[in-house]
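Just so you know, the protein sequences line up as chains A and B, in that order. To convert, count from 1 in the first sequence and add 864; that's the working numbering. To convert, count from 1 in the second sequence and add 7; that's the working numbering.
Don't take every hint at face value.
[Unchecked claim] Here are some of the chain B residues that sit facing chain A, going by a computed Cβ distance under 7 angstroms: (1) G34; (2) P35; (3) H39; (4) Q57; (5) G58; (6) Y61; (7) P62; (8) H65; (9) E68; (10) R70; (11) R84; (12) K85.
[As the list claims (entries may be wrong)] Distance condition first, Cα-Cα at most 27 angstroms in a straight line; then the derived DSS-like pairs of lysine-lysine: (13) A/K1377 to A/K1231; (14) A/K1231 to A/K948; (15) A/K1348 to A/K1231; (16) B/K85 to A/K1348; (17) A/K876 to B/K85; (18) A/K876 to B/K94; (19) A/K1377 to B/K94; (20) B/K85 to A/K912.
In short, the hints are calculated from the structure, not lab data. Ideal Cβ placement from N, Cα and C applies to all residues, glycine included.
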Amino acid sequence: MSLRRFVHRKKKDADLAEEMESHLAHEVEANIGRGLSPEEAGRQARLKFGNPDSIRESVWRYRSLPWIEDAWRDLRFALRSLAKVPGFTAIAILVIAVGIGANTAVFSVINTVLLRPLTYPEPQSLVLLMNTGPQGTFPGANVPKFNIWHQQSSIFQFVAGYDTGGAGLNLTGGTDPEQVQGVHVTSDYFRLFGAPILAGRTFSPAEDSPHGGHVVVLSYALWKRRFGGDPNVVGTNIHMDGQPYLIVGVVGRGFVTESPADLWLPFQFDLTSQDMAHYFFTAARLRPGITPQMANAQLKLAADQYRRTYPGALGPQDGFSVTSLQEVMVGDARTSLLVLLGAVTFVLLIACANVANLLLIRATARKRELATRSALGAGRGHIIRQLLTESLVISLSGGFLGLILGMLGVRLLLAVSPGSIPRVGEDGSAVILDLNVLLFTFGVSVLTGILFGLIPAISASGSNLAAALNESSSRSGVGFRSGKIRSILVISEMALALVLVIGAALLIRTFMKLQAVDPGFDTHKVVTMAMSISGERFQNTAGVAQMIRDGAERLNTVPGVTTTAAACCLPLQGGFGLPFDIVGRPNGNNPSTGGGGYLPVSWSYFDVFRVPILRGRNFTVHDDGAAPGVVIINEAMAKQYWPDGDPLKDRMQIAPNAGPVFAEPPRQIIGVVGNTRDGGLNRDPAPTMYIPVAQMPDKETALNSRIAPLWWIVRTRVEPHTLVKSLTAALRDASGGLPVAHIRTMDEIVVVTTSRERFNMLLLTIFGSSALLMAAIGIYGLMAYSVQQRTQELGVRMALGAQASNIRNMVIRQGMVLAIIGVVLGIGGALWLTRFLASFLFGVQALDPLAFVATPVLLTAVALLAVWIPARRATRVSPMIALRFE
Amino acid sequence: MFRKETSAGDILQGTLDMLILRTLLTGPAHGHTIAQVIEHTSENSLEIEQGSLYPALHRLEDRSLLVSEWGVSDNNRKAKFYQITAKGRRHLTGQTIRWRQMTRAIGLILGERLD
């Protein structure tokens, strides 16, 4: 209504003018009719009518929306007045753009990882079943646990087991064999995750039982790639490792699992299995109205039942729980991202302080302009609104620029260093500009504009009108109040910058320490390759051992190869763990003597990685299925379990009570090797046992062939990448046509495992240095301005005999007082804030003395440099010119 | 009587609105006629500044109590004619009742005898 009035008011105004003219004409005519002369008639009419202009004005005003008009006027004025100072405007917009850009970049990652819900329907009711205990909470399941969880139908709507397709499958029968990720799932899996079925169906319970036959469900991507999206593919066979598999269904495009799957196979569990090793995950969908707390209470009872059914399988403090799937997926990336968000907020605050400072300086220069305007009737509110409009123009332009910078920056950053952040997709492709990011950037821009604009606006509008107009010169000194505000701003910039730089220093130190860590093995000139051994002939140990012998023999003939080994797992990439008993040693209260890493390796594993044999002997090619069982332990295990004794005299029973899969006679400990940091460079070496692959129990080999590929590890004399072609050819030759995948050098793996640290360090270093730069500019700007303002005073001082050095020292002293106050406050802040970094640090304390000494020194030095320039300028003031300055 | 400083008062403004609507009950009229009618029927005791009629007319039109149309007046001049709407009539009735009640109340307080 009022908006329509507003829009049409120009036309209405013309209408009104014409109408009033017509009225006057009528009145004049009537007056003439009464016998008045034409002039008198007109005069009388106008007298009686009143002032038409003021009537038009009052109607116009009532038709207008004052705030739109005022805002529009303010905006035009702001654009005009900013255009008059392009340098100032450009710097201010750029500073804000950098601050907002950094925030947009970090937020867009947070948006993707933490805020965006999982792509499954009703993701909030999806949970992962966890094991709880003194060692912590971790996922993982075996059939007995799966059974008891499956029975909890009062809390779970669906329960499904799945693995991550670790082993890979060899798609054969086409022109070229291809290694695909085949994820094993139980039959409820698709219903649990709400997968859309494009064609056919999912597994029936009969197909998901032992001897259920070879059936697969295809992913959309594989269906398109391999079968050109042919809907008649359902009911036909594909060949994997030489075996035909019946395609029963195709899953729709939208279904994307977190660990990528090309196809799905039924787990076909033997539900009477008593294997206690964890080799898959179990997810569940909570019934409507069931909270995780309620589920956990129910699972407490389930754990008691499990303890009674399988004595010794669960310690007295062990139990089960659920954790939301999203939380599990995000993991510890959450803290890391929130710390980065905190850091980037600091950068924005410094940017704001800087721009606020610029605005204060500008406001001083505009003192007379503002005073004149208020003398002409502009209220204080008007002036504040006008100045705020200017700062909003700056912040919104900066925000727009920042949005572009941020989205480009985050792309670049994630491409350079993905930082192993979950959920961001390949090279961060899932990080996109969506409404959340847009709203965030807009909100931050407005907030920033008010933040850096309000203080200068209030302080500028509050100046004494008469004093400002009467001031003989705009250069007679910095107003005390705005001078104080500027000092406070500079102090806070220094303090914030110090906190950031200390944080960056801690992370740089962490990264350097990580680089300096001795992993315990030689990573250079080692190349690794994964081979899926899912075929029928690898279901017993002898078959795998034979293939390893053939493969090693063939690889060793490739020119440039020094040694070759095969293993279940790669260092730094995680592996298996099993409990063990030391034969003849009492267990006390525990189910077994201890536990540790468990790595089946080929005989030359320690040679390839150059792990030293500290005691006893290495494996040989003769430690095979026919020879007595042997085991080699690492130094950490020897120290922990044989602090005084001799491990070489003892025998170990690996995986006691862990079910028939692991059943085997005790093994003789034959050697102790040096520690390797298998769990990651930042973890202390864990107790670990190594056994020959050729001595694994058959059932364990069969299980392994489904959950993990076999890794080939080759040490070369030359640059490893140059050999890849001949190595893969040699392996295909020796294995009867099996392809290899995931070809990476060990050095590359090291880089990947430290990528989170590299990512955090890189970001915080960027933030810290931009903060440092901005703080330096801030203190430089303040001192330069103050020197310029005081030219006259400095001239008088010099005329009265002050030495150049006195002047210089005075300026430096004044600048450095601010810097040092900032540094001291910053140290205080950092003492408190660095505790949030503690979990990202390695080999450095959160209160690292070096960082806490070096950083303040660095900051003080930078501040000194920034103050030095205006100080030197101050000494060049010629008294004569200075006194005639005005 | 309707001077600038008083015309801002709500009661008097409402009164002017009421007078305009009442005038238009007899049929459409343009501004000049309305002013004349108000003057004459009040026996010239309500001497309004004629111009102040127009903001009131436009406000009433905006509230859909009146509609307007350009036309030709008796003496062949272009003029804008106003006509009361149904909503305007209802408004006038309500306002008149309120006005009567108020004047009666004021009269009682002032001790006048009303019949």
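Checking against the hints above, which ones are violated?
1, 2, 9, 10, 13, 16, 19
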